[in-house]
Structure formats: structure tokens, C-alpha cells
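For reference, the chains in residue letters:
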Amino acid sequence: MEVSSLPISASHRGKLISAGYSSLSSLSSVSPSKLAQDLKISENEVLKILKVVSARKGGHRKNTLRVDISPPLQSGIPFGVPVPPSPFGCFRLPSLVPSGPTRLRIVGQPFSPAITRAQTAWDILHEEESSICITTSCSDLDEILGGGIRCKEVTEIDTEGSFMVERASQIAEACAEDMLEYNSLLRKDSQACRVDKPPKAFMDNIFYFRICTYTEQIAVVNYLEKFINEHKDIKIVIIDSITFHFRQEFEDMALRTRLLSGMALKLMKLAKKFNLAVVLLNQVTTKYNEGSFQLTLALGDSWAHASTNRIILYWNGNERYAYIDKSPSMRSASAPYAVTSRGIRNSASNCKRVKLM
Amino acid sequence: MANKPISEMGLPKSIANVFAARNIITAKDALSLSEFELMELLDVGFEEVMLAVAHISEITCPPYHTAMSLLEQRNQNEYLAGHLPTRLKGVDAALCGGIPFGVVTELVGPAGIGKTQFCLKLALLASLPTSYGGLGGRVIYVDVESKFSSRRMIEMGFSSFPEIFHTEGLAQEMAGRVLVLRPASLSEFTESLQQIRVSLLQHHVKLLIIDSMAALTSGEYGQGPPRHHPLGWHISFIKSLAECCRIPVVVTNQVRSQGRDEASRYIFQVQSRTDTMEDPSKFDSHLVAALGIHWAHAVSIRLVLESRSGQRLIKIAKSSISPSVGFFFNITSSGISLLSDEGVEMMGPEANTIHCQGLI
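Heads up: the sequence lines are chains A and B, in that order. Counting from 1, one number per residue, gives the positions in the first sequence under UniProt numbering. Counting from 1, one number per residue, gives the positions in the second sequence under UniProt numbering.
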């Protein structure tokens with residue numbers, strides 16, 4: 001029954017069904033005044049229902065998906081598309097298919113009326129190449145991340161900590177000094193923009209929310225959309241840490257999983273809509289696995305699906321290492337890094353090579 | 001913020017009434033349900049629910065600050081930009097001024113190493129008048145193991161600040177500023193925390209010391225490890241106390257020996273053959289902080305006190321503003337004094353390990 005899946009209030013739904021309107025097509029042929037009479041509700045409410053129905057109808061044909069491989073393009077997409085160096089080597093779509101770039105178009109209507117356009121894989125590749133990567137200021141880490149932390153994706157890092165203003169200003173000053181040094185290395189006629197910011201400017205651009213309960217955490221994630229609309233140019237959202245409030249006294253594990261997955265979806269939507277990076281920090285817990293206890297990520301297995309990339313930070317001997325545990329495009333690798341007074345930098349040890357696992 | 005009633009949020013009357021009719025009184029109740037569940041429960045349309053949830057979220061969300069404004073605020077309003085100096089030059093330098101306000105600092109170490117001495121010294125420093133470099137305020141000292149000794153504290157005062165303490169009546173005034181609570185059980189402690197919150201704001205309390213946190217739970221375990229940490233609520237509460245009153249909170253912790261089942265590796269880390277062989281002697285000499293990983297994540301600064309071949313060492317094990325350094329110290333009549341202000345650099349995870357050699 002199609003009417004039962006409409007996002008309208010339960011009593012309206014009940015009235016529609018008891019008045020005999022069980023399919024969307026039956027609603028399209030009736031006039032608003034007759035419907036108001038049948039359901040015994042006001043015309044305003046009828047108009048609202050009809051609006052929902054037309055939105056749903058516009059995006060909802062049949063539930064089938066046809067994959068259409070159309071003939072190769074003759075023009076439009078240039079052949080020699082530069083791709084960023086990746087651990088997989090240079091992969092170009094043309095080389096996989098002998099007769100030139102093929103378009104894989106997914107035909108069929110999306111199920112939810114909120115998504116109004118479908119993207120082809122080729123478009124997505126272009127977007128990925130032109131998307132900004134935020135550097136971690138440690139070149140080894142950047143190498144294994146494929147350039148840095150990508151916008152439009154949710155990256156989860158496993159560690160612990162809390163925001164200290166003094167440290168932020170320390171790092172901002174070191175950053176400003178590095179930028180000045182970088183400026184002096186640029187050629188005079190170089191097109192790259194010179195960054196000449198005082199540390200104060202860095203600190204002015206960090207917006208800080210302090211949340212004390214999980215309710216506030218959910219409220220902030222809901223509010224972020226409006227906040228980002230007001231402050232254009234936000235490029236990264238960092239949540240430190242997403243676990244803390246959910247580990248205290250939550251008896252209802254099912255509720256916790258529901259709330260966490262709702263939050264993860266909203267963050268994913270934010271990342272896509274505003275083209276920004278979302279970085280989540282998580283904690284560790286122990287798990288009994290194959291006869292021994294292992295360290296594993298907190299919040300359970302269901303949370304593991306929430307993020308796109310997952311990086312685990314750990315100690316290896318005396319060095320800090322970052323390991324890519326989960327990523328759709330990067331190979332599992334680990335790289336050493338060091339925490340210095342100027343922030344995160346390359347590790348200064350002798351064996352600095354990126355270790356592939 | 002989370003318990004703010006929906007009726008005071010300025011929602012349109014009709015929807016506010018519907019929320020109240022369905023017993024959704026506070027923001028917490030509303031935000032714990034997904035939008036579809038709310039739609040079913042309240043019997044209103046999807047758009048209205050979305051608007052109501054967005055409005056509730058905006059009101060419940062705490063205000064934001066820029067990092068610059070936070071820094072300026074602290075520089076202007078707070079003593080030394082929000083730090084309580086410990087008078088140990090090396091430690092203060094590493095901690096950018098001293099024990100920071102607004103976060104929980106933990107002292108962990110084996111028995112008899114000097115944690116209570118450190119706490120007594122801090123209580124003394126906080127109660128000193130501001131003209132002499134203290135915080136000039138009251139101190140709440142939660143003494144679970146009955147280790148507080150006011151005589152020792154005053155002795156420290158006479159020893160470290162002789163010229164101040166010989167002033168008539170100053171010792172009495174300062175001792176009068178330190179309030180000592182002695183809860184006998186975890187439930188008493190929980191009750192007194194609530195009262196502490198009220199008195200923090202009324203009585204200009206500048207420091208909260210809890211000595212020790214681990215002793216509160218030692219008698220309370222049932223069979224096997226509990227599913228939830230018994231101190232879960234207390235951790236959040238203490239952190240939020242520190243945060244909203246902007247005071248330093250110092251907590252001491254005990255140690256226990258590392259159990260056989262202690263996890264220390266991730267599944268992708270390769271274990272060499274020698275590691276997998278059990279070494280019973282290794283387990284006994286390895287000490288770890290009590291209260292587990294969850295507590296370790298919750299504290300912001302962790303100072304580890306240990307002894308190596310008879311020498312006492314204080315290490316900064318976890319701090320987002322300091323390098324990993326350790327300082328050798330002695331316990332003297334004026335409390336703790338460093339042997340040298342130059343720290344010893346701690347390589348790698350060494351800062352987190354706790355040794356107890358040479359101390360009975």
C-alpha cells in the first residue's frame with residue numbers, strides 16, 4: 001500500500017486508508033475539496049498532503065534499476081586526464097576498457113525524493129581529483145592518505161585528548177612561521193598565493209563548541225547545518241571525541257546504536273553537501289578475540305560502518321605510527337609521525353619508509 | 001542545557017502542546033528519538049517535525065567561541081591565563097604555567113610515593129592570598145582514605161613561605177579555607193558531589209582535590225568486571241564541574257599489577273614469537289593505573305609518580321600541551337622539590353609505564 005509509506009501524520013494516513021485512498025494514483029485524480037470532504041479535514045491540510053504526494057511521485061517510478069552501458073564518448077572528456085599519484089600506480093579508466101572511456105549510467109529513479117541527481121562514476125572521479133585535501137603537515141602521513149584528509153569524506157582517527165587553547169596558539173604560531181618560510185621559497189612570478197597570516201587569524205578561524213552531554217552532542221550535529229550556512233568557508237569539522245558521552249551509563253544499547261547511526265548519517269550528509277572534511281576521534285576498548293584480549297575501537301561493530309576512512313594511531317616501540325585500517329581508495333599502510341612543539345611533523349628516525357602491510 | 005524544558009524554547013504553541021501531551025518534556029527526550037519516531041508519536045507531518053527538531057537543537061546547542069576569544073578571555077580574567085603554579089619550575093614550564101583550569105589532572109603512582117603530599121601542597125598553594133602568588137580562594141579536599149593531615153600542610157607552609165606564615169593569624173586563615181570532606185562510600189560521595197556543585201559557585205572555591213578516586217570503587221565490585229564503569233557518571237560530572245566553574249580538579253589514582261589478560265596490541269600488530277610466551281615475572285613487576293582505559297581517556301593531564309632504583313620520578317604521561325618529560329624529586333619538609341629543573345626526556349610509551357623499584 002503506497003499511502004502507508006508517505007511521510008505524513010499517522011491520523012491523516014489512517015483517514016486516507018479508511019476513506020479508500022490506498023494508492024498514489026487514486027489521489028492524483030481527486031480534487032482537493034472532495035478530499036477535504038471525504039477525510040473531514042481542512043483544505044490547508046489536504047494541500048499539504050497533496051504536496052507530499054507529488055514530491056514522492058516525482059521521484060518514484062518502479063523499483064527497478066537498469067544499468068546502461070552507452071557507446072564511448074567521442075568528445076567532451078579529454079583522454080589525458082591527470083590523476084594524482086596513488087599507491088595503486090596510475091590508474092586511468094581508459095586503460096581498463098580497450099575502446100576508450102565508457103559511461104556507466106545507472107538508469108532508474110532514486111528511491112528517496114531528496115536525491116535529485118545521479119552521478120556517473122566519471123563525474124565522481126573528476127570531483128575527487130579537484131577536491132581539496134587538507135594536509136596533516138607530516139609528509140609521510142599525507143603520502144599514505146593520498147594527499148591528505150579529503151573533503152567530502154568522513155575520516156575517523158583513533159586517539160584521545162582535549163582542546164587546550166595554549167597549545168592551539170603554539171601550533172598556530174609555528175604554522176605562521178612555516179608559511180613565511182614557504183613564501184620565501186616561492187618564485188617571484190609564481191601563481192601560488194602567498195599566505196601571510198598572523199597567528200591571530202588562525203585562532204580566529206577555529207570555532208569551538210564544548211558539549212557536556214550526549215543530548216548536546218546530537219543538538220550540535222543538528223545545528224551544524226544552519227551554522228555552516230551562516231559561516232561560509234568552513235572546511236573541516238572535528239569531533240573530539242565522539243565516544244565519550246556515549247560510554248557513560250547507557251543501559252539501552254539499541255538506543256545508543258540508533259542515535260549513533262543517525263548522527264553518522266547527518267555528518268555524512270553535511271560532508272557531502274558543504275564539501276568539507278569531517279574528522280571523528282574515537283577511543284579504544286578491549287575485546288576478547290581468539291583466546292586473547294585485543295585492543296579494538298570503542299562503540300562497537302555497528303559504528304565501524306559509519307566512517308569512510310579509518311586511521312588507527314598506535315605506539316610501535318618508541319615511535320608513533322598511523323595505520324590506515326579502512327579506506328575505499330587507499331591501501332592499508334602505516335607511516336611514522338612525531339609530535340613536536342610545532343605540531344605534527346615527520347618522524348626524525350632513520351627508518352622512515354612507509355611500511356605497507 | 002539538555003534538561004531544558006521544551007515549553008520554554010519558543011516553539012509555536014500548537015507543536016509545543018503536542019510535545020507536552022506526549023510526555024516529551026525536555027530536550028533530551030526529544031532528541032533521543034529519531035524524526036520518524038517523533039512523527040509517529042506526535043501525529044504531525046514530517047516537515048513540522050523537522051522544523052521543531054531544528055529549533056530545539058539550536059536552542060540546546062551550547063554557544064560557540066573562537067579560539068582567539070577563549071585565549072583573550074583567559075588572559076584577562078584568569079590567574080596566569082588559567083594555571084595554578086605548582087612552584088616546581090620544571091613541571092610548571094612543561095605545563096605552560098601550572099595545573100590548568102577547567103580540566104581534570106590525575107596523579108597516579110604506587111603507595112607511598114608522594115601523591116598525598118603533592119595534593120596537600122597544592123591545597124596550600126591555592127589557599128594562599130593572591131598577593132603571595134596563590135589563588136586566594138577556598139579548597140575542597142575530598143579525603144576518602146583519611147590521609148589528610150592539616151599539621152603537615154601547615155608545616156609545609158612554614159617551610160616554603162616562612163616570611164608569610166609568621167604573620168599573625170595567617171596560618172589559621174588559610175587552614176580555614178580548606179574544607180575537608182570524608183565520604184565513607186560511593187553513594188555518599190555521589191551525594192556530596194551534588195552539594196559541591198552548589199557550594200563551588202557560592203563560596204569561591206578555587207580548587208577541588210579528590211584523594212583518591214580508586215579507593216571509592218575498591219569495595220564495590222560484584223562478581224566479575226561490571227558492564228558499565230561504576231564511576232561513569234562521576235567522571236562526566238567532575239569534568240563538567242571543572243569546565244563550567246573553570247577550576248583545576250586534581251584526582252589521585254592507585255596502581256595495580258598488570259593482569260594476564262591485559263590487552264596492549266591491536267589485531268594488525270604483528271606479535272613476535274618471544275612476546276607470546278608468557279613471562280609471569282614480567283606481569284608482577286608491571287604496574288598499571290587502576291580504574292582502566294575508560295578513566296584514562298577521561299582525564300586530560302596525567303602525572304605519573306614512580307620510583308626507579310630508589311629515585312622518585314614525576315613524569316608527564318598524558319598532556320596535550322607538554323612534551324613527555326620526567327623530573328626526579330624528593331620529599332622534603334616543604335613538600336615536593338625537584339632535584340633538577342631540567343627534565344629527562346621520556347621516549348615513546350615509557351612515560352606511561354609505572355615502576356616501583358627500590359621503594360618498599
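Accuracy of the hints is not assured; some may be wrong.
[As the list claims (entries may be wrong)] On the chain A side, residues computed to face chain B include the following (Cβ under 7 Å): (1) Glu143; (2) Met164; (3) Asn222; (4) Leu295; (5) Tyr337.
[What the hints assert, rightly or not] Ranges between beta-carbon positions, derived for each pair: (6) Glu78(B) - Asn229(A): 46 to 52 Å; (7) Ser240(B) - Ile124(A): 51 to 57 Å; (8) Gln195(B) - Ile344(A): 41 to 47 Å; (9) Lys200(A) - Glu78(B): 36 to 42 Å; (10) Phe268(B) - Ser341(A): 27 to 33 Å; (11) Leu255(A) - Glu342(B): 38 to 44 Å; (12) Ile344(A) - Gln76(B): 49 to 55 Å; (13) Asn205(A) - Gln76(B): 18 to 24 Å; (14) Lys266(A) - Glu342(B): 29 to 35 Å; (15) Pro230(B) - Gly317(A): 55 to 61 Å.
Bear in mind the hints are in silico, worked out from the structure with no lab data behind them. Using N, Cα and C, we set each Cβ at its ideal position, and we do this for glycine too.
Structure-based check of all given hints:
no.: 1; hint: Glu143; result: 19 Å, violated
no.: 2; hint: Met164; result: 5 Å, holds
no.: 3; hint: Asn222; result: 3 Å, holds
no.: 4; hint: Leu295; result: 5 Å, holds
no.: 5; hint: Tyr337; result: 13 Å, violated
no.: 6; hint: Glu78(B) - Asn229(A): 46 to 52 Å; result: 34 Å, violated
no.: 7; hint: Ser240(B) - Ile124(A): 51 to 57 Å; result: 43 Å, violated
no.: 8; hint: Gln195(B) - Ile344(A): 41 to 47 Å; result: 43 Å, holds
no.: 9; hint: Lys200(A) - Glu78(B): 36 to 42 Å; result: 19 Å, violated
no.: 10; hint: Phe268(B) - Ser341(A): 27 to 33 Å; result: 30 Å, holds
no.: 11; hint: Leu255(A) - Glu342(B): 38 to 44 Å; result: 53 Å, violated
no.: 12; hint: Ile344(A) - Gln76(B): 49 to 55 Å; result: 30 Å, violated
no.: 13; hint: Asn205(A) - Gln76(B): 18 to 24 Å; result: 21 Å, holds
no.: 14; hint: Lys266(A) - Glu342(B): 29 to 35 Å; result: 50 Å, violated
no.: 15; hint: Pro230(B) - Gly317(A): 55 to 61 Å; result: 35 Å, violated
Violation of the numbered hints given earlier is confined to hints 1, 5, 6, 7, 9, 11, 12, 14 and 15; the remaining hints are satisfied by the structure.
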